[in-house]
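Asks: Use these hints to put chain B onto chain A, whose structure you have.
Protein chains in written order, with this note's numbering: chain A, 34 to 157; chain B, 5 to 443.
Incorrect hints may have been included.
For the chain B half of the interface with chain A, some residues (derived, Cβ under 10 Å), not all of them [as the list claims (entries may be wrong)]:
1) Val425
2) Thr434
3) Ala443
Simulated DEER-style distance windows between Cβ atoms [claimed, not checked]:
4) Asn258(B) <-> Ala124(A): 28 to 38 Å
5) Lys164(B) <-> Leu143(A): 56 to 66 Å
6) Gln313(B) <-> Ile61(A): 56 to 66 Å
7) Ser108(A) <-> Arg186(B): 18 to 28 Å
8) Val63(A) <-> Ala119(B): 56 to 66 Å
9) Ser377(B) <-> Arg74(A): 54 to 64 Å
Some, not all, of what chain A presents toward chain B, calculated at C-beta under 10 Å [claimed, not checked]:
10) Asp38
11) Met40
12) Val41
13) Gln47
14) Glu48
15) Met101
16) Val104
17) Thr105
18) Ser108
19) Asp111
20) Leu113
21) Gly114
22) Gly115
23) Ile117
24) Asp118
Hints are computed from structural coordinates only; laboratory data are not their basis.
Note that the Cβ used here is the ideal one computed from N, Cα and C, for glycine as well.
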Amino acid sequence: MKQLDPMVFVVVFQEMLGPLFWPLIAFILVGALALLVVLIRDGGVHSRRLIRAELIGLLGGFAAVALMMWVTASSPGDLLGGPIDWLLTIAIWVAGVIGATMVAYVGLSLIVRDNSDHSRAFRR
Amino acid sequence: MASKSINSLSRRSLLSLGAAATAGILSRPASAQARLATKARIVIVGAGAAGLASASRLVQRLDGAAITLIDARKAHFYQPGFTLVAAGLKPKDYAISQTRDYIPAGATLIEDSVAAFEPEQNRVKTTGGQTIPYDFLIVATGLQLDYGAISGMETGLIGKNGIGSVYAGPEAAEATWREMARFTDTGGVGLFHRPDTEMKCAGAPLKYAFITDDRLRRAGTRGKTELIYAAQNKALFSVPIVSEKVRMLFQDRNVRMVHDHVMTAIDPGRKIATFRTPAGSQEIRYDFVNVIPPMRAPKAVRESALAWQTGAFAADGWMEVDMKTLRHKRFPNVFGVGDVAGVPKGKTAASVKWQVPVAVDHLVASLSGGTSSEAYNGYTSCPLITRIGRAMLVEFDYENNLTPSFPGIIAPLEELWISWVMKEIALKPTYLAMLRGQA
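Chain A on its own, in the form it takes in the complex:
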């Protein structure tokens, strides 16, 4: 009787986010595209910038968990209900880290243009 339909996820996310749904999708797409453009422009990953972005990303992970707690009126102790709660918390944190790192990397690349060769760890 039950069958999983991916479209249901899309519909439910639309209901959840309301008018923010499409702007958020656009933000994610533009962000991913901007990262690609920056990587092509710089000819690879800029290691120093990546480390800075990752440091910001770590904070982004905690921000994501904090946001989730705020949205759901939860307190820190609630996150320790069982192993699945730890996994959910970690998943939210990781998602926050990845998202914030990408945003920070693009942001730093647009603000600071450092072309010094020694700072490039990986070149294509």
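Replies: Chain B in isolation, oriented as in the chain A frame:
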């Protein structure tokens, strides 16, 4: 205190994480099928969760049918949200929207109520005097909260003198929160109970006892309160394994349990509730009470030929439908879905989610001259909140089997954050998608 604790809707709007955890809840009952051309007249009485979901699914399945919804109420209530409103976590507007926003293109809404069902003549009569004939009828009227059955009780008392009642509507839920918030300041005796009739969301009375306990602990006044849960029989919940778990939790939280107590009267002046018990009439004094009235089928259904004529569901007039197909046992062109259906389990939105596609499939099969093998197994779901921030995702069927959507991942009888997260952020969007026939 109330305004401080009520979250703005923007919290929900901001959220994008965590919904991936709702895979099972999001599973879709039936795949899309080719639309059937028909001129059938289908009348749906009641434009609540079950009526709207039925209309949306019928529009998807039929081409050319005249689908008419009848409901006098303009506002649509997201009833699963009432508990959150009464917990001080959401404003009342969280549970209010407009019925017209969910009427699918291709269906018509008549803003009137049905005064009489005449299934022998295949027609209904409205309060406004219209006679509306049908080829198929879906009854989704919901149920009637019979506050008058508790002597001394009326809805005007909700929010005064320590009387709360979560079920009566969004305003009542918010008024209940105000009284509960006041109670968490003053302390005293908190009284919780449930009626001995069938009822919608039988977990809600338990949830509210747990939430009140949590609020008292947060306010630092649990020490000067006594919480009493007066069960209507010897159990706390109809599913034995869940009942036993709730007993353990109540014991852990120091909630005193009394059994075989059915509320018959309330004295708002003296703050005393009277219960019928095997030992005779018993009085319990309260400082805060969550009154839950007996629930029955609406009068028009109860007094029609659609109601059960004998058996356990006859007294309160629930509709005599087959528990697996939701088709009326004596009038095969009539279906009953949602709260009004006289079936052994589940007067919840989760039940509606699984009942409606089954009933619609059987109706469509009848139109096409075929048969349907779809069957409703009694599935229902209760995110049983045990404190703010934790819930047990209890899912079960007619047989009292636990039917977890995530076996081995989300334990149904554990107080988990993930279950709370689902209740808080994913269930309302899923519910709204259900109204639109998309989930």
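Asks: Hint by hint, note whether the structure agrees.
Replies: Going through the hints against the structure:
1. Checking Val425(B) against chain A by beta carbon gives a least distance of about 5 Å; that is within 10 Å, so the hint holds.
2. Residue-level restraint check for Thr434(B) holds (minimum Cβ-Cβ distance to chain A is 5 Å; threshold 10 Å).
3. Hint status for Ala443(B) relative to chain A: holds, with the closest Cβ pair at about 5 Å, below 10 Å.
4. For the pair Asn258(B) and Ala124(A), the beta carbons lie near 35 Å from each other, so the given range of 28 to 38 Å is met.
5. At about 60 Å, the beta-carbon gap between Lys164(B) and Leu143(A) stays in the expected band of 56 to 66 Å.
6. A beta carbon spacing of about 59 Å between Gln313(B) and Ile61(A) agrees with the range 56 to 66 Å that was offered as a hint.
7. At about 23 Å, the beta-carbon gap between Ser108(A) and Arg186(B) stays in the expected band of 18 to 28 Å.
8. For the hinted restraint 56 to 66 Å between Val63(A) and Ala119(B), the CB-CB distance of approximately 57 Å keeps it satisfied.
9. Range check, Ser377(B) to Arg74(A): about 59 Å between beta-carbon atoms, so the 54 to 64 Å window is met.
10. Annotation: interface hint on Asp38(A) holds; nearest CB of chain B at approximately 4 Å, less than 10 Å.
11. For the restraint placing Met40(A) at the interface with chain B, the shortest Cβ-Cβ distance is roughly 8 Å, inside the 10 Å limit, so the hint holds.
12. Nearest Cβ of chain B to the Cβ of Val41(A): about 5 Å, under the 10 Å cut. The hint holds.
13. The restraint placing Gln47(A) at the interface with chain B holds, with a minimum CB-CB distance near 8 Å, inside the 10 Å limit.
14. The restraint placing Glu48(A) at the interface with chain B holds, with a minimum CB-CB distance near 3 Å, inside the 10 Å limit.
15. The beta carbon of Met101(A) is positioned within 10 Å of a beta carbon in chain B (closest approach about 6 Å), and the interface hint is therefore held.
16. For the restraint placing Val104(A) at the interface with chain B, the shortest Cβ-Cβ distance is roughly 4 Å, inside the 10 Å limit, so the hint holds.
17. The criterion of a C-beta within 10 Å of any C-beta in chain B is met by Thr105(A), whose closest approach is roughly 4 Å, and the hint holds.
18. Checking Ser108(A) against chain B by beta carbon gives a least distance of about 6 Å; that is within 10 Å, so the hint holds.
19. Annotation: Asp111(A) was flagged as interfacial toward chain B, and the flag holds, the nearest CB pair being 3 Å apart, inside 10 Å.
20. Evaluation of the Leu113(A) hint against chain B yields a held restraint, the C-beta minimum of about 8 Å falling below 10 Å.
21. Below 10 Å, beta-carbon pairs count as interface contacts, and Gly114(A) has one with chain B at about 4 Å; its hint therefore holds.
22. For Gly115(A), the shortest C-beta to C-beta distance to chain B is roughly 5 Å, which falls under 10 Å, so the interface hint holds.
23. Residue-level restraint check for Ile117(A) holds (minimum Cβ-Cβ distance to chain B is 5 Å; threshold 10 Å).
24. Checking Asp118(A) against chain B: minimum C-beta separation of about 4 Å stays under 10 Å; hint holds.
Checked against the numbered hints above, the structure violates none of them.
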